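Asks: Protein chains in written order, with our numbering: chain A, 29 to 482; chain B, 2 to 161.
No lab work stands behind these hints: they were computed from the structure. As the structure is a computational prediction, the values presented were derived from the model and not from experiment. Be aware that a few hints might be false.
[To be verified] Straight-line alpha carbon distances no greater than 20 Å define the calculated SDA-like cross-link-like pairs of lysine to any residue that follow:
hint: 1; chain 1: A; residue 1: Lys326; chain 2: B; residue 2: Asn57
hint: 2; chain 1: A; residue 1: Lys170; chain 2: B; residue 2: Lys53
hint: 3; chain 1: A; residue 1: Lys170; chain 2: A; residue 2: Phe226
hint: 4; chain 1: A; residue 1: Lys256; chain 2: B; residue 2: Lys130
hint: 5; chain 1: A; residue 1: Lys170; chain 2: B; residue 2: Glu129
hint: 6; chain 1: B; residue 1: Lys134; chain 2: B; residue 2: Val46
hint: 7; chain 1: A; residue 1: Lys125; chain 2: B; residue 2: Lys130
hint: 8; chain 1: A; residue 1: Lys170; chain 2: B; residue 2: Lys130
hint: 9; chain 1: B; residue 1: Lys84; chain 2: A; residue 2: Arg448
hint: 10; chain 1: A; residue 1: Lys256; chain 2: B; residue 2: Val76
hint: 11; chain 1: A; residue 1: Lys170; chain 2: B; residue 2: Val63
hint: 12; chain 1: A; residue 1: Lys170; chain 2: B; residue 2: Val46
hint: 13; chain 1: B; residue 1: Lys130; chain 2: B; residue 2: Glu5
hint: 14; chain 1: A; residue 1: Lys125; chain 2: B; residue 2: Val46
hint: 15; chain 1: B; residue 1: Lys53; chain 2: A; residue 2: Arg448
hint: 16; chain 1: A; residue 1: Lys261; chain 2: B; residue 2: Leu59
hint: 17; chain 1: B; residue 1: Lys88; chain 2: A; residue 2: Ala245
hint: 18; chain 1: A; residue 1: Lys63; chain 2: A; residue 2: His307
hint: 19; chain 1: A; residue 1: Lys125; chain 2: B; residue 2: Ala78
hint: 20; chain 1: B; residue 1: Lys84; chain 2: A; residue 2: Leu243
hint: 21; chain 1: A; residue 1: Lys256; chain 2: B; residue 2: Leu59
hint: 22; chain 1: A; residue 1: Lys128; chain 2: B; residue 2: Ala78
hint: 23; chain 1: A; residue 1: Lys170; chain 2: B; residue 2: Phe74
hint: 24; chain 1: B; residue 1: Lys84; chain 2: A; residue 2: His307
hint: 25; chain 1: B; residue 1: Lys84; chain 2: A; residue 2: Ala245
hint: 26; chain 1: A; residue 1: Lys238; chain 2: A; residue 2: Lys256
hint: 27; chain 1: A; residue 1: Lys326; chain 2: B; residue 2: Pro66
hint: 28; chain 1: A; residue 1: Lys329; chain 2: B; residue 2: Pro66
hint: 29; chain 1: A; residue 1: Lys125; chain 2: A; residue 2: Gly108
hint: 30; chain 1: A; residue 1: Lys256; chain 2: B; residue 2: Val63
hint: 31; chain 1: A; residue 1: Lys261; chain 2: B; residue 2: Arg71
hint: 32; chain 1: A; residue 1: Lys170; chain 2: B; residue 2: Asn57
hint: 33; chain 1: A; residue 1: Lys326; chain 2: B; residue 2: Gln70
hint: 34; chain 1: A; residue 1: Lys261; chain 2: A; residue 2: Phe226
hint: 35; chain 1: B; residue 1: Lys84; chain 2: A; residue 2: Lys128
hint: 36; chain 1: A; residue 1: Lys125; chain 2: B; residue 2: Gly77
[Claimed, not checked] Label pairs and their computed distance ranges (CB to CB):
hint: 37; chain 1: B; residue 1: Thr10; chain 2: A; residue 2: Gln262; range: 25 to 31 Å
hint: 38; chain 1: A; residue 1: Asn65; chain 2: B; residue 2: Asp40; range: 51 to 57 Å
hint: 39; chain 1: A; residue 1: Ala447; chain 2: B; residue 2: Thr20; range: 24 to 30 Å
hint: 40; chain 1: A; residue 1: Lys261; chain 2: B; residue 2: Met2; range: 28 to 34 Å
Note that CB positions come from ideal geometry on N, CA and C, so glycine has one too.
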Amino acid sequence: MITEHTIPQVIFGMDPVVASCGVLLAVYALIISEKINQAVTALLGASAMIFLGVISQHDAIAGIDFNTIFLLIGMMIIVGIMKNSGVFQFVAIIAAKSVKANPRALLAVLSIITAVFSAMLDNVTTVMLIVPITLLLTEQLKQNPYPFLFAQIFASNVGGTATLIGDPPNILIGSHVGFSFMDFVVNVGPPAFIIMIFLLIFFDVLWGRKMKTSLRARSHLLRYDAAKALVDKQLLYKSLFVLGLVLFGFIAGHSHGYEPGSIALGGASLLMLLDMVKHKRKKIFLLSSQKQAHAVEKTFKEVEWDTIFFFIGLFIIVAGVENSGILGVMAGYMLEATEGNLAATGMAILWISTVASAFINNIPFVATIIPMIDAMAPTFGGKEGLEPIWWSLSLGACLGGNGSIVGASANVMVASFAARAGQPISFMKFMVMAFPLMIVTVMISSVYAYFVFF
Amino acid sequence: MSCESAMITEVITAKPDETVETVLARLSKHSLRCVPVIDDEGVLVGLFCLNKVLENLLPVAVTMPDGLQRLNFVVGAAPGIAKRLNKLISKNISEVMDEDMYVVHPTTQSWEAIRLMVRYGSPIPVVEKDTGKLCGLISEQSSILELDQVIRQLEKDGEI
Numbered sequence: 029m030i031t032e033h034t035i036p037q038v039i040f041g042m043d044p045v046v047a048s049c050g051v052l053l054a055v056y057a058l059i060i061s062e063k064i065n066q067a068v069t070a071l072l073g074a075s076a077m078i079f080l081g082v083i084s085q086h087d088a089i090a091g092i093d094f095n096t097i098f099l100l101i102g103m104m105i106i107v108g109i110m111k112n113s114g115v116f117q118f119v120a121i122i123a124a125k126s127v128k129a130n131p132r133a134l135l136a137v138l139s140i141i142t143a144v145f146s147a148m149l150d151n152v153t154t155v156m157l158i159v160p161i162t163l164l165l166t167e168q169l170k171q172n173p174y175p176f177l178f179a180q181i182f183a184s185n186v187g188g189t190a191t192l193i194g195d196p197p198n199i200l201i202g203s204h205v206g207f208s209f210m211d212f213v214v215n216v217g218p219p220a221f222i223i224m225i226f227l228l229i230f231f232d233v234l235w236g237r238k239m240k241t242s243l244r245a246r247s248h249l250l251r252y253d254a255a256k257a258l259v260d261k262q263l264l265y266k267s268l269f270v271l272g273l274v275l276f277g278f279i280a281g282h283s284h285g286y287e288p289g290s291i292a293l294g295g296a297s298l299l300m301l302l303d304m305v306k307h308k309r310k311k312i313f314l315l316s317s318q319k320q321a322h323a324v325e326k327t328f329k330e331v332e333w334d335t336i337f338f339f340i341g342l343f344i345i346v347a348g349v350e351n352s353g354i355l356g357v358m359a360g361y362m363l364e365a366t367e368g369n370l371a372a373t374g375m376a377i378l379w380i381s382t383v384a385s386a387f388i389n390n391i392p393f394v395a396t397i398i399p400m401i402d403a404m405a406p407t408f409g410g411k412e413g414l415e416p417i418w419w420s421l422s423l424g425a426c427l428g429g430n431g432s433i434v435g436a437s438a439n440v441m442v443a444s445f446a447a448r449a450g451q452p453i454s455f456m457k458f459m460v461m462a463f464p465l466m467i468v469t470v471m472i473s474s475v476y477a478y479f480v481f482f
Numbered sequence: 002m003s004c005e006s007a008m009i010t011e012v013i014t015a016k017p018d019e020t021v022e023t024v025l026a027r028l029s030k031h032s033l034r035c036v037p038v039i040d041d042e043g044v045l046v047g048l049f050c051l052n053k054v055l056e057n058l059l060p061v062a063v064t065m066p067d068g069l070q071r072l073n074f075v076v077g078a079a080p081g082i083a084k085r086l087n088k089l090i091s092k093n094i095s096e097v098m099d100e101d102m103y104v105v106h107p108t109t110q111s112w113e114a115i116r117l118m119v120r121y122g123s124p125i126p127v128v129e130k131d132t133g134k135l136c137g138l139i140s141e142q143s144s145i146l147e148l149d150q151v152i153r154q155l156e157k158d159g160e161i
């Protein structure tokens, strides 16, 4: 992140390592305790880094990865506008009808839809939109929604693993290293696909094959009119056009030097413009300036600013820790433990990130470990030699999120929806099955990584 | 003008252990939308309204916060809704009533009661500040009637 550091001038002559690690540990502790909002915690930590003199304001600002910030804001705006079209309900109803409202098949198709949407959009938004329609469909078919929600948590995290934009750890890794959208699809897409197939079979054996419902309930669901679930067709076409353009930009833009942040923000501004152009009674017109202001304000409210400021704070904290030189020392310890063996280091990163991500937020974890991995470059013949380790980190951090109900933001979102619907998912109930299952998925990843990356 | 002067004091009430069916019949008989629910001491424990009954008929996917925004794609749902109502009417109203409603006190200014009604709907129970006992109800009609009387008085005094 920071290429040229200024020498830390920590107040009271404190050791920069002690000061920066103290702030980092305090931030981690507060995030884990969930007593204070995580965005506020990260910003307080970032301020402490600057006021303690661990990092200058100039270096703090240089430490913020604006490519990641722009990518997050851009995609949040696109999804924020797109979700108003009703496309998620539409797709879920079409899928339910295509399997003739058979609950066993519905479990599989809703998981697949969740995985695909999670790969293209962020996981939290995907589950936020797919869970309510899932609850309606399961209520109609008189099914316990728990297996569906459990499967969707796993599907969202596995689907998110497959692409650059699917999960925040991938956004952080991709932006830092400069991996393209296709780099992710080619390298972590296949293990994600294999894991998804495994999960579909597992969920079918465990729950799907036992699911039964009455013909009457199925016939009710088959009468659903999917077209009516589409709230705004014009908006859907505009959103799909822009999303397609953005995905094309991610794929084709990398070789021309266009970074994902610019592409996503460009797409978001184009969609906001298109959203101001309306079509009514065969007339095309532009919204009045007052309505434009209202529309823009409404769209900007869709951006999860707490997440954005959380990222900004984290980038500054990590830049401070990096500035102190401690991450280089830690990287040295790890290389000593793995005797500088690439495969052993990769596996260690994969499993450490898995276990860490199951219990703590994987975003600060990945943000901290990225500069540590960077420091290993000389041992593995330069930055290019680190590529297998980045993929190991991506697989571990994304899949590890399945280990507990607090392992990923999407899990927390599903649990909160389930509680609102009177079907609470307890920490232990989820973990008893999720943790071993997550271990199996990471074992699949390890085998894949060992044979393909190392 | 305080709520005391604008409230209705002869109020039809219900008890928490009455069934939904019984209270629905009472609402229908008196052409009411809501009844306050009181315990044996006359303390307000909830508000039972027709819209709460309707809310209970909707799928949880719609009524929960951040749930589905529309249901117009569900075709032919009437028999299913009727079955839900049939199940609901045998329940006690304590399971359906709104326990988290806004209340005012006899000394509360009518302006505040009007603000609450505009924001959260009518009627609003008026309760004694210390005991929580029901004193009456303030509704859109009772507020307008009271204001009408004020207009007449002002006319009489030659102020309008």
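Asks: Confirm or reject each hint.
Replies: Hints and how they fare:
With a CA separation close to 31 Å, the supplied pair Lys326/A and Asn57/B exceeds the 20 Å bound. Straight-line distance between C-alpha atoms of Lys170/A and Lys53/B comes to about 23 Å, which puts the hinted pair past the 20 Å bound. A distance of roughly 26 Å separates the Cα atoms of Lys170/A and Phe226/A; the hinted pair therefore is violated under the 20 Å criterion. Restraint check for Lys256/A and Lys130/B: not satisfied, since their Cα atoms lie roughly 50 Å apart, outside the 20 Å limit.
With a CA separation close to 46 Å, the supplied pair Lys170/A and Glu129/B exceeds the 20 Å bound. The hinted pair formed by Lys134/B and Val46/B meets the criterion: a straight-line CA distance of about 9 Å does not exceed 20 Å. A threshold of 20 Å between alpha carbons decides the hint, and for Lys125/A with Lys130/B the separation of about 56 Å lies outside it, so the pair is violated. Pair hint Lys170/A plus Lys130/B does not hold up; C-alpha atoms about 46 Å apart against a cutoff of 20 Å.
With a C-alpha separation of about 23 Å, the suggested pairing of Lys84/B with Arg448/A is violated against the 20 Å cut-off. Using a Cα cut-off of 20 Å, the hinted pair Lys256/A and Val76/B holds, with the two alpha carbons roughly 10 Å apart. A threshold of 20 Å between alpha carbons decides the hint, and for Lys170/A with Val63/B the separation of about 16 Å falls inside it, so the pair holds. Proposed proximity of Lys170/A and Val46/B is contradicted: the alpha carbons are some 34 Å apart, above 20 Å.
Proposed proximity of Lys130/B and Glu5/B is supported: the alpha carbons are some 12 Å apart, at most 20 Å. Between Lys125/A and Val46/B the CA atoms are separated by roughly 45 Å; this puts the pair beyond 20 Å, and the hint is violated. Between Lys53/B and Arg448/A the alpha-carbon distance is near 17 Å, which keeps this suggested pair within the 20 Å criterion. Of the supplied pair hints, the one linking Lys261/A and Leu59/B is violated, its CA atoms being roughly 26 Å apart against a limit of 20 Å.
This hinted pair checks out: Lys88/B and Ala245/A have alpha carbons roughly 18 Å apart, not beyond 20 Å. Taken as a hint, the Lys63/A and His307/A pair is broken in the structure, with Cα atoms around 48 Å apart against an allowance of 20 Å. Distance restraint check for Lys125/A and Ala78/B: the Cα-Cα separation of roughly 17 Å lies within the 20 Å cut-off, and the hinted pair is therefore satisfied. Annotation: proposed proximity of Lys84/B to Leu243/A holds, straight-line Cα distance about 17 Å (limit 20 Å).
Restraint check: the Cα-Cα separation between Lys256/A and Leu59/B comes to about 18 Å, which is no more than 20 Å; the hinted pair holds. With a CA separation close to 18 Å, the supplied pair Lys128/A and Ala78/B stays within the 20 Å bound. A distance of roughly 19 Å separates the Cα atoms of Lys170/A and Phe74/B; the hinted pair therefore holds under the 20 Å criterion. Our distance criterion of 20 Å between C-alpha atoms is broken by Lys84/B and His307/A, whose separation comes to about 42 Å.
The hinted pair formed by Lys84/B and Ala245/A meets the criterion: a straight-line CA distance of about 13 Å does not exceed 20 Å. Using a Cα cut-off of 20 Å, the hinted pair Lys238/A and Lys256/A is violated, with the two alpha carbons roughly 32 Å apart. A hinted pair counts as satisfied when its Cα atoms are at most 20 Å apart, and Lys326/A with Pro66/B qualifies at roughly 19 Å. For the hint linking Lys329/A to Pro66/B, the alpha-carbon distance of about 18 Å falls within 20 Å, and the restraint holds.
Restraint check for Lys125/A and Gly108/A: not satisfied, since their Cα atoms lie roughly 27 Å apart, outside the 20 Å limit. Taking the CA atoms of Lys256/A and Val63/B, the gap is about 16 Å. The hint holds against a cut of 20 Å. Under the criterion of a C-alpha separation no larger than 20 Å, the hint pairing Lys261/A with Arg71/B is consistent with the structure, at around 15 Å. The straight-line distance between the Cα atoms of Lys170/A and Asn57/B is roughly 17 Å, inside the 20 Å bound, and the hint therefore holds.
Straight-line distance between C-alpha atoms of Lys326/A and Gln70/B comes to about 17 Å, which keeps the hinted pair within the 20 Å bound. The straight-line distance between the Cα atoms of Lys261/A and Phe226/A is roughly 36 Å, outside the 20 Å bound, and the hint therefore fails. Using a Cα cut-off of 20 Å, the hinted pair Lys84/B and Lys128/A is violated, with the two alpha carbons roughly 24 Å apart. A threshold of 20 Å between alpha carbons decides the hint, and for Lys125/A with Gly77/B the separation of about 16 Å falls inside it, so the pair holds.
For Thr10/B and Gln262/A, the hinted distance range of 25 to 31 Å is not satisfied, since their beta carbons lie about 55 Å from each other. Hint check: Asn65/A to Asp40/B, Cβ distance near 40 Å, so the stated range 51 to 57 Å is violated. The given range of 24 to 30 Å is respected by Ala447/A and Thr20/B, whose C-beta atoms sit roughly 29 Å from each other. Take Lys261/A and Met2/B: their Cβ atoms lie about 52 Å apart, and the range 28 to 34 Å is violated.
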